[in-house]
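Could you slot chain H onto chain P? The hints should help.
Residue numbers (the working numbering), protein chains in the order written: chain P, 1 to 107; chain H, 1001 to 1112.
Simulated from the structure, these hints should not be mistaken for laboratory data. All C-beta atoms, glycine included, are put in the ideal place defined by N, C-alpha and C. Worth double-checking, as some hints may not be accurate.
What the hints assert, rightly or not - Residues on chain H that point at chain P, a partial pick, calculated with CB under 7 Å:
#1 LEU1045
#2 ALA1061
#3 LEU1100
#4 TRP1102
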Amino acid sequence: DIQMTQSPSFLSASVGDRVTINCKASQNINKYLNWYQQKLGEAPKRLIYNTNNLQTGIPSRFSGSGSGTDYTLTISSLQPEDFATYFCLQHNSFPWTFGGGTKLELK
Amino acid sequence: EVLLQQSGAELVRPGSSVKISCKASGYTFTDYYMHWVKQRPEQGLVWIGRINPANGNTVYAEKFKSKATLTADKSSNTAYMQLSSLTSEDTATYFCTRGLYWGQGVMVTVSS
Chain P
1 DIQMTQSPSF LSASVGDRVT INCKASQNIN KYLNWYQQKL GEAPKRLIYN
51 TNNLQTGIPS RFSGSGSGTD YTLTISSLQP EDFATYFCLQ HNSFPWTFGG
101 GTKLELK
Chain H
1001 EVLLQQSGAE LVRPGSSVKI SCKASGYTFT DYYMHWVKQR PEQGLVWIGR
1051 INPANGNTVY AEKFKSKATL TADKSSNTAY MQLSSLTSED TATYFCTRGL
1101 YWGQGVMVTV SS
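So here's chain P without its partners, still in its complex pose (with noise of 0.2 Å):
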């Protein structure tokens, strides 16, 4: 199976600051690297897919990248309503598996 390693597992920021989240793959996943928030309570939301495709309706302050092994998740400037967990996904192959969360909390 494909590990992802999800770094770092608890962040803490403040509105208006630039945050990067990292996953990295124990082997190459091709690009096939999703990210999704998650709030209390409610179902994952896709935000990105294939690495650096922002899905529609997500705003461009979300952005997505990487290649290989090591990807990146960066949100340019905090809003409050992104403070949630954020998770990476690897679809490359079977079985898919996610990063391990990344709570983001206001500072």
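Positioned in the frame of chain P, the structure of chain H alone reads:
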């Protein structure tokens, strides 16, 4: 509008089985794989497997091969997941998802 409507919360006894549903609407059910994901309380997401509703073909994560059974009913546009030999480790919220679209989740609690 694409909707995935899941069945209600379940309280089940250890050792029993449970079958949860995911009714799809707003798109052609047989055109998209349906995936299932597990989330234990305050924990991360785990992919269980997927089904092709067009032909019933399934792929499971190894650890769920003897735990979960995925089926789909084309006549009612509904996907199902049965979980067997339930233990406390199966207490979790289970989501169906088409990747972009997600059901609201079903909380399964295993308790005597």
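For this session: Could you check the structure against the hints above and give me the numbers of any it violates, in ascending order?
Result: none
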